Amino acid sequence: MLHFRKTLTIASLLMFFILVSAGGASGKVLYNDTIDEGDGYQINDYVIDVAEVVPQHETVFINIYEGDSDDPRYEKLISVGSSFEFGLEGENVDITVISVYSSEIPRAKLAITITDDDIINSRTLGVVEGGHSEAELSTTPVLAINKVVDKSNMNVGDVVRVTVTVENTGDGDAFDVIFSDPPQEKFILVDDILGSPGKVDISIDDPVKKIYVYDMKATEAGTFSLNPTTAIFTNSIGESFPMASSNQPTVIVEGSADQVSASLEVEMELDSYTVDRNEDLHGTISIRNVGDAPASAVNINMIIPEGLEYKGDDPSIEIISGVPTVYLDSFGIQQEKEFSFKVKAKEVGTYTLSLENSYLYNDGINSRMQSASSDLMTNRIYVTKGKYDYLFEQPVYVYLVPLLIIGAIAGWIYHRHKQYKF
Amino acid sequence: MLNVLIIGNGQCGNRILDAINREAFGKKSRFAKFYSQQKYKSNVQTIAINTAINDLREMKFTKARDRIHIPHLHGVGANRNVGKHVFEDNKAHIMKHVEERGNFDVAFILTSASGGTGSSFTPLLIKEFKQRFDFPVYALVVLPFREEGTLYLQNAAFCLRDIRESGVDGIILADNQFLKQMGGNVESAYNGINDKIARRLLFLLDALDSEMMMVTDLGDFKTVMNGGAGLATIGFYEADSEIPIKSAIRKALSPTGLLFSTDVYEEASRSMVIIKGDRKYLGIDDISSEVEKLSGSVGHVFKGIIVRNDELPQVLTVLTLESASELENLYSIAVDAINYEKQKKERVINEKEVDRAFSQIDGMDPSY
Chain A
11 MLHFRKTLTI ASLLMFFILV SAGGASGKVL YNDTIDEGDG YQINDYVIDV
61 AEVVPQHETV FINIYEGDSD DPRYEKLISV GSSFEFGLEG ENVDITVISV
111 YSSEIPRAKL AITITDDDII NSRTLGVVEG GHSEAELSTT PVLAINKVVD
161 KSNMNVGDVV RVTVTVENTG DGDAFDVIFS DPPQEKFILV DDILGSPGKV
211 DISIDDPVKK IYVYDMKATE AGTFSLNPTT AIFTNSIGES FPMASSNQPT
261 VIVEGSADQV SASLEVEMEL DSYTVDRNED LHGTISIRNV GDAPASAVNI
311 NMIIPEGLEY KGDDPSIEII SGVPTVYLDS FGIQQEKEFS FKVKAKEVGT
361 YTLSLENSYL YNDGINSRMQ SASSDLMTNR IYVTKGKYDY LFEQPVYVYL
411 VPLLIIGAIA GWIYHRHKQY KF
Chain B
789 MLNVLIIGNG QCGNRILDAI NREAFGKKSR FAKFYSQQKY KSNVQTIAIN
839 TAINDLREMK FTKARDRIHI PHLHGVGANR NVGKHVFEDN KAHIMKHVEE
889 RGNFDVAFIL TSASGGTGSS FTPLLIKEFK QRFDFPVYAL VVLPFREEGT
939 LYLQNAAFCL RDIRESGVDG IILADNQFLK QMGGNVESAY NGINDKIARR
989 LLFLLDALDS EMMMVTDLGD FKTVMNGGAG LATIGFYEAD SEIPIKSAIR
1039 KALSPTGLLF STDVYEEASR SMVIIKGDRK YLGIDDISSE VEKLSGSVGH
1089 VFKGIIVRND ELPQVLTVLT LESASELENL YSIAVDAINY EKQKKERVIN
1139 EKEVDRAFSQ IDGMDPSY
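Protein chains in written order, with this note's numbering: chain A, 11 to 432; chain B, 789 to 1156.
Treat each hint with caution, since some may be false.
Said to hold, decoys possible - Quick list of in silico lysine-lysine cross-link-like pairs, DSSO-like style, CA-CA up to 30 Å:
1. LYS984/B with LYS1010/B
2. LYS879/B with LYS428/A
3. LYS984/B with LYS428/A
4. LYS827/B with LYS428/A
5. LYS1081/B with LYS1010/B
6. LYS431/A with LYS879/B
7. LYS984/B with LYS431/A
8. LYS347/A with LYS321/A
9. LYS829/B with LYS918/B
10. LYS851/B with LYS431/A
11. LYS428/A with LYS851/B
12. LYS827/B with LYS1010/B
13. LYS431/A with LYS884/B
14. LYS848/B with LYS431/A
15. LYS431/A with LYS872/B
16. LYS356/A with LYS397/A
17. LYS968/B with LYS1034/B
18. LYS872/B with LYS915/B
19. LYS219/A with LYS209/A
What the hints assert, rightly or not - Over 10 Å on every C-beta distance to chain A, these chain B residues come out as not near it, computed from the model:
20. ARG853
21. GLU1054
22. ILE1126
Think of the hints as simulated: they come from the structure by calculation, not from any bench. Here the structure is a predicted model, which is why all the values come from computation and not from measurement. The C-beta atom is built at its ideal place from N, Cα and C for all residues, glycine as well.
The task is simple: from the sequences and hints, build the whole structure.
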C-alpha cells in the first residue's frame, strides 16, 4: 500500500511536470495557484468560475461565462490532473486542475495557460472574488457615422448642405469621442450651421445625434467623394478603439462658376500743381469699388517725397511708421469714399506724390482670399521759390549792413539819450 | 573862432540857456537832439546851474554834463541871502566845472534878477570870474513882472545893484513886464521871451564870429558895452517877407524889437547895428541914412553887414543906455516893496502877538 502511494505520488509529480512543460511549450501561463470555491478567474470578458470543489473525489466543477450572461457557456467537471481547453477570441485557453484542498472553504489549484496573451486585456485579468457575477467586464462601443448631403447633383456655385450624424451601435458607451471633418477641396464653406461638438460621450441609449451641419458652395465642376468624418473614442475602461469613419457621399457638380472680384479705383487730386515754397497743397484721395465683390483689408499708403511734408487734415488718414495710411476693414461694392489731406511744400523742386494700395477680396471660387494692389502717381508738382525766399538768398552783408546801421542808429540814439538825460 | 561861455543861472537862466541850445539845433523837432548837432559858429560852452533839480530836469536840449546841480533842498526859496551862502559853499565845485571847459574870449551869464538861485549866484559868480579870468563877462538879466510880488521886486533891485558892483563888463536888460505885450498864456509867454532872448544872443554870437562885408567884432562889442551906464539892451527884427532895409532897422529899434523899454534916441549911449540878408536887400544908402540918423542921437554906431544869399533881412541892434527911466520906475516900486517887507517884519518882531498867546500857559503842565 505504502509502495503504491509512493508510486502514485511520483507518477503525479511526473505528470505535473510533463503538463507544465507541455503547457509552457504550448502557451503562456496565466495563472498557477489556488482559487477558492465560488471565486473565478477573468480573462477579458470570460470568467472561469470555480463553482464547486469536491476534495473527496479530487474533482472540480468549472463554469465558464462569457460576458455578463448568467448562463455559463461551458460547465465542466475536471478531475485532478485533467484539463479543459476552450477558444477565446481566437486563442486557446487550457485549464488544468493540479490539486484540490479541503478546508472550511475548499479550493483548487489551477494552471491556466493561453496560446497567445496579446489579446488579453490586462485590466480584466485576475481572480474575481465572488465569481462571474462580480467581474468587471469591458464593453465595445461602435460608432456608426453617417454623412449625408441634401443633393448629390448640382451646379458650380450651388450650395449643398452636409449633415453628419452618429449612433453608438456597440454594447457600451463611447467616451471622449473626438470628431474630425477635414475641409472639402473645390468647395467653400459658406455657412457653419452646427460646428464641431468637441469632446463628447455617446451612449448606446442616445438617439442618432447630429454632429456637423454646414453648407458648402461648389466652386468647380466634377464628381467628388466627400472626405469622411472620423472619430476616435474609448470605452468605459479607457480602452482606445480604432478610428471610426463615416461613409463618403458622392456629389456631382456640373457647369462653371461666375468668378467675381473687387476692383478699387483710387484717384488722387491736388488743388494745384505749382506752389510757392512754404505754402500748402490741398489734395483729395478718392476710392471707389467698381468690382462685383466687396474688398477687405484695404490699405492705401501715401508716399511723400523729401521736400514735401504731410500736414494731415482728415483724421481717417493715420500715420503708421511715418507713412500716412488709410486702412479700411471692408469696402462694399460701389462704395465711394474721399479723404482730404494737406501737404506743405518745404523745399524748391519737382516732386510727385504716390499711392500704394492693396486689398483682399473673395472671388467666389477659391476658398482663399485673393489680393490685389496697384500704384498711383500724381502729375509733377512744382515747388517754386516763396514770396520772401529771396530774403534768405542774399549774401550775409545784405542782412548785416542794415542790422549794423539799425544797431548804430539805436546805439547813437541811446548815446544821445544818455547825453541829454539828467 | 571865438570861445564863448554861456552860463544859465537859476530857473530863468536855465530856460533861456535851453532855448539857446534848442535854437542851435536849427529849430528842428524835439527829436533833433538825437540826430542833429547844435550849430554854433563859435566854440560855445553852455553850463546850467541850479539848486532846484526839477528845473534842471526840465531842460531838454542841454547836455547832462552841462547841468550842474547845487544840492540845497529844492532851491533857495527866493531868499538871496540863503543863495549867497549856498554859492560860497559850492563855489569851488562850480569854478572847477568852468575851468574844465577851457579858456574863453567872452562869457555871458543869463539870470533872472528876481528869483533865488540866479539872482544870488550871478553877482558872486561874476565877481569870482573877474578875479580869476581876464575875459569880459556880460550879464543878461531878466527883470520880473511888476505884479509878481514884493520879494521878487526887492530881489531884482538888490540883484541889479550887486551885479553892477561885481565888476561885470555890461548888463543886458530884458524886461518881462515889457515883453508880456506878446500875450498868450503864462507858459507860452515865458517860452516866447526865452526864444526871443535866445535868438538875439545867437545872432550876436554868429555876427561876432562871421566874415562881414563891414566888420563888427568882439572888440567893437566891448566898446559898445563900455559906453553909457553899464546897462544895455538888444533889439532885433527878422523879416518874414521882402521889406526895405530901412524899415527893418527901424523895427529893430522900435519897442517891438527891443528887450527893454527905452527911447533909443533919448537914452542910448552907444550902438551896434548888425544887418544880415541877401545882397539885394543891403542897399548901402538906405543903411547909411538909418545909421546916420541913429548916430546923430547916440553918438557912435558900430555897423556890421553880413551877406547871406537868399535870406530875408535881419537886423540886430545892441544899445548901451545912459539912463533908463523904466529902470528908475522899477526901483521906485522896488523901494516901496522893500519898505513894505521891512515894516511887516518889524511888526512881527515888535508885536509878538503869537508869543503872547503862547506865554499864557508858561509854567503850566498838562494834567491827564
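Subject >> 30 Å Cα cutoff - pair LYS219/A, LYS209/A >> reply: Holds, at roughly 14 Å.
Original post:
Holds or violated: are the alpha carbons of LYS879/B and LYS428/A at most 30 Å from each other?
Top reply: holds (27 Å)
Original post:
Given the proposed pairing of LYS347/A with LYS321/A, does the C-alpha separation stay at or below 30 Å?
Top reply: With a Cα-Cα distance of about 20 Å, the restraint between LYS347/A and LYS321/A holds, given a limit of 30 Å.
Original post:
Holds or violated: are the alpha carbons of LYS848/B and LYS431/A at most 30 Å from each other?
Top reply: holds (8 Å)
Subject >> Hinted pair LYS827/B and LYS428/A, Cα distance within 30 Å >> reply: holds (20 Å)
**OP:** Please work out if LYS872/B and LYS915/B have their alpha carbons no farther apart than 30 Å.
**Re:** Cα-Cα ~12 Å, so holds.
Original post:
Are the Cα positions of LYS851/B and LYS431/A separated by 30 Å at most?
Top reply: At roughly 7 Å apart (the allowed maximum being 30 Å), LYS431/A and LYS851/B satisfy the hint.
**OP:** Determine whether the non-interface label on ILE1126/B survives the test: each CB of chain A must be over 10 Å from its CB.
**Re:** holds (36 Å)
**OP:** Given the hint that LYS968/B pairs with LYS1034/B, test it: the Cα-Cα distance must not exceed 30 Å.
**Re:** holds (26 Å)
Original post:
Is the nearest Cβ of chain A still more than 10 Å from the Cβ of ARG853/B?
Top reply: Answer for ARG853/B: violated, closest chain A Cβ roughly 8 Å.
Subject >> Hint consistency between LYS984/B and LYS1010/B [alpha-carbon to alpha-carbon, up to 30 Å] >> reply: holds (22 Å)
**OP:** Against chain A, does GLU1054/B hold up as non-interface, every C-beta pair farther apart than 10 Å?
**Re:** holds (45 Å)
The structure shown violates just one earlier hint, number 20.
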